[in-house]
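Novice: Letter by letter, the chains look like this.
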Amino acid sequence: MNILTLCYLLASITFIIGLKMLSGPASARKGNLVAAAGMSVAVLGTIFLYRDDAGQRLGNYGWIFGGICIGGLIGTLAAKRVKMTAMPEMVSMFNGMGGLCAALIAIVEFDHFRRHAIIVMEGTTASGMLIPVGLLIIILLGLIIGSVSFSGSMIAWGKLNGKIKDRSFKGQHLLNLLVLLAIVAGAVYLLFCFDLSLMGTLFYLILGLALLYGVLFVLPIGGADMPVVISLLNSFTGVAAACGGFLYDNKVMLTGGILVGAAGTLLTVLMCRAMNRSLANVLIGSFGGGNTVAKSGEQEQGAIKEISISDTAVVMGYANRVLIVPGYGLAVAQAQHVCHELERLLEQRGVEVLYAIHPVAGRMPGHMNVLLAEADVPYEKLLEMEQANELFPQTDVVLVLGANDVVNPAAKTDPASPIYGMPVLEVEQAKTVIVNKRSMKPGYAGIDNALFSGAKTSMLFGDAKKVLQDLVTELKNS
Amino acid sequence: MGFFNWITENQQIIYIVVLMIFVGIEVIGRVPSVLHTPLMSGANAIHGVVIIGAIIVMGRAEPDNYLALILGFLAVIVGTLNVVGGFVVTDRMLEMFKRRKPKH
Chain A
1 MNILTLCYLL ASITFIIGLK MLSGPASARK GNLVAAAGMS VAVLGTIFLY RDDAGQRLGN
61 YGWIFGGICI GGLIGTLAAK RVKMTAMPEM VSMFNGMGGL CAALIAIVEF DHFRRHAIIV
121 MEGTTASGML IPVGLLIIIL LGLIIGSVSF SGSMIAWGKL NGKIKDRSFK GQHLLNLLVL
181 LAIVAGAVYL LFCFDLSLMG TLFYLILGLA LLYGVLFVLP IGGADMPVVI SLLNSFTGVA
241 AACGGFLYDN KVMLTGGILV GAAGTLLTVL MCRAMNRSLA NVLIGSFGGG NTVAKSGEQE
301 QGAIKEISIS DTAVVMGYAN RVLIVPGYGL AVAQAQHVCH ELERLLEQRG VEVLYAIHPV
361 AGRMPGHMNV LLAEADVPYE KLLEMEQANE LFPQTDVVLV LGANDVVNPA AKTDPASPIY
421 GMPVLEVEQA KTVIVNKRSM KPGYAGIDNA LFSGAKTSML FGDAKKVLQD LVTELKNS
Chain B
1 MGFFNWITEN QQIIYIVVLM IFVGIEVIGR VPSVLHTPLM SGANAIHGVV IIGAIIVMGR
61 AEPDNYLALI LGFLAVIVGT LNVVGGFVVT DRMLEMFKRR KPKH
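One line per chain: the protein sequences are A and B, in this order. Residue numbering for the first sequence follows full-length UniProt numbering, starting at 1 and increasing by one per position. Residue numbering for the second sequence follows full-length UniProt numbering, starting at 1 and increasing by one per position.
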């Protein structure tokens, strides 16, 4: 047992150090490995050294190793095979699995409690039965938080890969509130009803309601806000894991869970801050009502100028400085490598090429940095928003690759716009703006963009990869 | 005075919770926005520590308790998915950050 305590202590320390290292660019990768090593120690220690209160060792090794092999194999394959663009979905999926795990533990432990309670009751009078309220509260918390995190993460996963559309209806917030109240009321009643069969019914009712709440909670939130939601659900799962720590008096589950719960909550707030919005604003969702704005805006759209590939090549080839603004369109077309090639070709001609990265471009903060780093784009070429905004007035050409909301001037000028107040890249300050998009469809937030009909803007329609390849060919031949 | 008793009985755990909340906030307080996604993914892997609970459930399940056996087995699978998948995905994301250094 002493060795196991030491294993848990070691693992707890690696989690803290790992998180610390993960928040610095130079040490991040090592930090991840440190935490993974600590986790392995904790897991192996549990399997071989754990003794329960009665001093019994764990059994069912076949089942345990079987489960670990299956989970490990699927997890590794899924994580290795997933495309960079689908990373956010993947994180959401894994997070949901953690929540499901916590909920399953709660179900088994509740069943255990009921069996145990029945035995006790046969020996005593029913009225003299002692309900361990503390234990039940922890089980219920693990069940509720874990289930919400599971079903919510699954919806977020579906939204990010486009299988589930945003859906909101009148009175949805009221319904959500009612479901939440029903969960709380059911849980409180369960604690004091002193009737085992009623407890069982209530328990599974709460499970159902919690799953439903997770769905209702995420469904109306706009797809563009999914990263924030995933981060929030991530911290939920952390708290659910900590409930397991309470349940088994297990310090490593407790430290790991609470650590992630706290860090995840802060991270959620930081992400909101990067979009200049409050968490409440994201969750209650002004984006849901944005559809009407987009529809009425469609007719007003001014004249749009199109530009050909060869003209684009000429304009860019003779520029002094080109700033590229990557967005989700680049990610979805997997165009990061050809984008880098274009950048090198232009540099050979003496054009200075830099990238302007909006903190929430793509589907997740840091998404663009990861993609461009994959294509070997040097780190110092990636400008943060503030630096880029200073450079735009001295820039000849801005090439917007599948970005929309992050370059929408309405965020500065139109108080009625759902994204009003979000800091954006001020691309319209540059001499020429070329926007590559697949079509005139509005961006993820579903709102109109006045940039596209601006006097300095030309549209270059087509898939980002195809367009960039054509540009590269054009530049090579000229 | 049940509340005070409860605090006294569980004071170790309560201390851990309070301190860990502060550590969690402090430790990532100055993360650049570039690292938000990998950090979220790494934290996601760490809460996979819930797998330990799943292992305990599975290991203690009596041979005739099918609910515990089946749900415990499922919990071990999904818990491992969370841990292994989480760490591997995070590593893949961060691998891409690494290469920029020698290119300087």
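Because the hints were derived from the structure by calculation, they are not lab data. Wrong hints could be hidden among the right ones.
Covered stretches of chain A (in silico footprint by chain B; criterion: 3 or more residues with CB under 8 Å from a CB of chain B, positions within the stretch not fixed) [to be verified]:
1) 7 to 19
2) 101 to 112
3) 197 to 207
4) 240 to 253
5) 309 to 321
6) 388 to 402
7) 459 to 465
Across the chosen pairs, the derived CB separations fall in these ranges [what the hints assert, rightly or not]:
8) B:G29 / A:N320: 27 to 33 Å
9) A:R438 / B:I7: 56 to 62 Å
10) B:Y15 / A:I137: 33 to 39 Å
11) B:L67 / A:L33: 51 to 57 Å
12) A:F48 / B:Q12: 45 to 51 Å
13) A:A182 / B:I70: 26 to 32 Å
Just so we're clear, the structure is a prediction, and the values are computed from it rather than from any experiment. Positions of the beta carbon are idealized from the N, C-alpha and C atoms, including for glycine.
Novice: For each hint, tell me whether it holds in the structure or not.
Specialist: Here's how the hints hold up against the structure:
With a cut-off of 8 Å between beta carbons, the segment 7 to 19 of chain A has 5 residues touching chain B; three or more are needed, and the interface restraint holds. For the segment 101 to 112 of chain A, the assignment as covered by chain B holds, since 9 residues bring a beta-carbon within under 8 Å of that chain's beta-carbons and 3 suffice. Residues of the segment 197 to 207 of chain A lying with their CB closer than 8 Å to a CB of chain B number 0, which falls below the three-residue condition for coverage. Given as covered by chain B, the segment 240 to 253 of chain A passes the check, having 13 residues with a CB less than 8 Å from a CB of that chain where 3 are the minimum.
Against chain B, the segment 309 to 321 of chain A contributes 0 residues with a C-beta closer than 8 Å to a partner C-beta. That does not satisfy the three-residue criterion, and the hint is violated. Requiring three or more residues with a Cβ within less than 8 Å of a Cβ of chain B, the coverage given for the segment 388 to 402 of chain A is violated, as only 0 such residues are present. With 0 residues having a Cβ less than 8 Å from any Cβ of chain B, the segment 459 to 465 of chain A misses the three-residue criterion, and the hint is violated. One distance hint, 27 to 33 Å for the beta-carbon pair G29 of chain B and N320 of chain A, is violated here, with the actual separation near 40 Å.
Between R438 of chain A and I7 of chain B the Cβ separation comes to about 60 Å, which falls inside the hinted range of 56 to 62 Å. At roughly 19 Å, the beta-carbon separation of Y15 of chain B and I137 of chain A lies outside the given 33 to 39 Å, and the hint is violated. At about 37 Å, the CB distance of L67 of chain B to L33 of chain A disagrees with the hint of 51 to 57 Å. For the hinted restraint 45 to 51 Å between F48 of chain A and Q12 of chain B, the CB-CB distance of approximately 25 Å leaves it violated.
The hinted window of 26 to 32 Å between A182 of chain A and I70 of chain B holds, with their beta carbons roughly 28 Å apart.
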